[in-house]
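Reading the sequence shown from the start, the letters are residues 1 to 544 in full-length UniProt numbering.
Incorrect hints may have been included.
Pairwise CB distance ranges (calculated) [said to hold, decoys possible]:
1. His110 to Val521: 49 to 59 Å
2. Trp104 to Ala165: 39 to 49 Å
3. Gly70 to Ser359: 24 to 34 Å
It is worth saying that the hints were derived from the structure and are not from the lab.
Note that beta-carbon positions come from the ideal geometry of N, C-alpha and C, so glycine has one too.
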Amino acid sequence: MDDWAGVSLGHAPATDDGLWHGRPRPEDERYLSEPVVVPKVQRSTRAVMGLLLVAAIVYGGFVLAPWRHGDWVPYVALVVAEAILLGNAVAMWWTGLFGDDELWESPEVHAFRHDLISGVSTPTVDVIITVYGEPLDVITRTVRAARDMRLAHNVYVCDDGRSDAIRDLCTHLGVGYLRRDDRRGVKAGNANRALARTHGDYVAIFDADHAAHPDFLVVALPHLARPEVAFVQCSQAYRTDNGNFIEIAAAQSQQVFYEVICPGKNRFNAAFHVGTNAVFRRTALDDVNGFYEDTHSEDIWTSIRLHQRGWTSVYLPHILARGLSPDTLDSHFRQQFRWASGSFEILLRSNPLQAAGLSPGQRLQYFTPPLHFLQGFSNLWFLLLPPLFLLFGITPLETDSSTWLTLFLPFWILTQAVLWMQSGGLRLRPVVLSVASAPVHVRAFFAVLFRRKPVWRSTRAAGAIPSVVEVTLPQIVLLAINVAGIVVGVSTIENVTGTAICVALSLIHVLILSRVIAQAVADRWRARRRPAPAAAPRPAGVAA
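When you get a sec, could you build the whole thing from the sequences and use the hints?
Here is the structure:
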């Protein structure tokens, strides 16, 4: 039996002018600053992106030329790895280069916002917060922020952890609460149960850790003025409460996606839902029978179904909510496994390049997420290639090392230049995490291929802290292989230039892998020294 308690109107306090004049609580104020517009892609960045495309084509033509092959098996592996890497680079920078990051607000948007603020238009808005075992203080902050948003709305907490503590919290804060007997459909099923019990014209959805800005609805909702728009997706940003390596690196790794790639998707009508910080038109969700349940990535699958039905979407480059970044290596790897699995489901279960009802641009855009995570295979091969040369003399290319370096360096330098120009500095942390996550992405691919269903846990769900070996066993093995390659290569130098390049690359790999393993050690040590965050209690029989 469902438990539906404390249903009440989650209005923010308002005055006669329709504007909210309350203040956020002091503990929330640091997270509820003025809305932030993500940096636009500058002309200078676009120019470098154009050069990068040229460099990628030149380097790709050199590497992929079959007459330069060395040993056939490693050469084929190299061709696949480089094709994935170059394809992802071309797709990503093509989207950013030719996409539209200028979101002009039409007269309809301005008029709708004016009517909303003045009270001329009073649509009903349901705000859904999906919850499953997150710490109680995190949920409290999110619920308060959602309740205190401007414009009239109802807030409903959908608790798949079936916690009496959260039910009491919702009663105390005056918002709706829903629990169910099973977890069918996971997060999508949780949200769909709320859709079946509510009737608002629009539906905003937030994850349990994403605290909304008071102006979220004022800024986002007017972009649904045109009747063909199914949803508005806002940028996703993360708080870095602890300021540790993982938090900062994980947050920075999303920067280019939300600042360069997502705005470009607007031109192709391919902006997709990212699971939180979005407002949907109820009739659009009804048209596709709600959020797609047969997956752990309901966000992008629901977007595909909406676009196939002819609906449009809008990406809004505003930071109107902030969530929690992973704060341990284990939580980051679990998040990456979940995201990669969802993307590979798209590739292996419904190839977007052949999906009916999508335009050519949409098909290519929906192909980019799995292409991004396929880079795990590329990174894994690049981690192995230098020590294979040093240990066994395996060479995938028959070419002069200096020639390869001359063509590779412009491609690599221009890639880093784009990242540096857009983010305001050279960011090495995301590179470290990306390389170290390669085994996770590869494991996710085979899990989807063999239809193994992952156990879902929230990013910061409370639970037992795994050992360092459990978290980083593949990285430890890769570290040992690269160290062995360096030792053998230095002691038996034959090809001086080739050996020097491979030793240098292996040294870089050793530094990256050592940093990641050290982080796992630090996470374990820190977890033992501090008490675990108070999680919302679960009833007996509910797994963590």
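Now the hints, each set against the structure:
1. Roughly 54 Å separates the CB atoms of His110 and Val521, a value that falls within the hinted 49 to 59 Å.
2. Checked against the hint of 39 to 49 Å, the C-beta distance between Trp104 and Ala165 comes to roughly 46 Å, which is consistent with it.
3. Between Gly70 and Ser359, the C-beta spacing of about 41 Å breaks the proposed range 24 to 34 Å.
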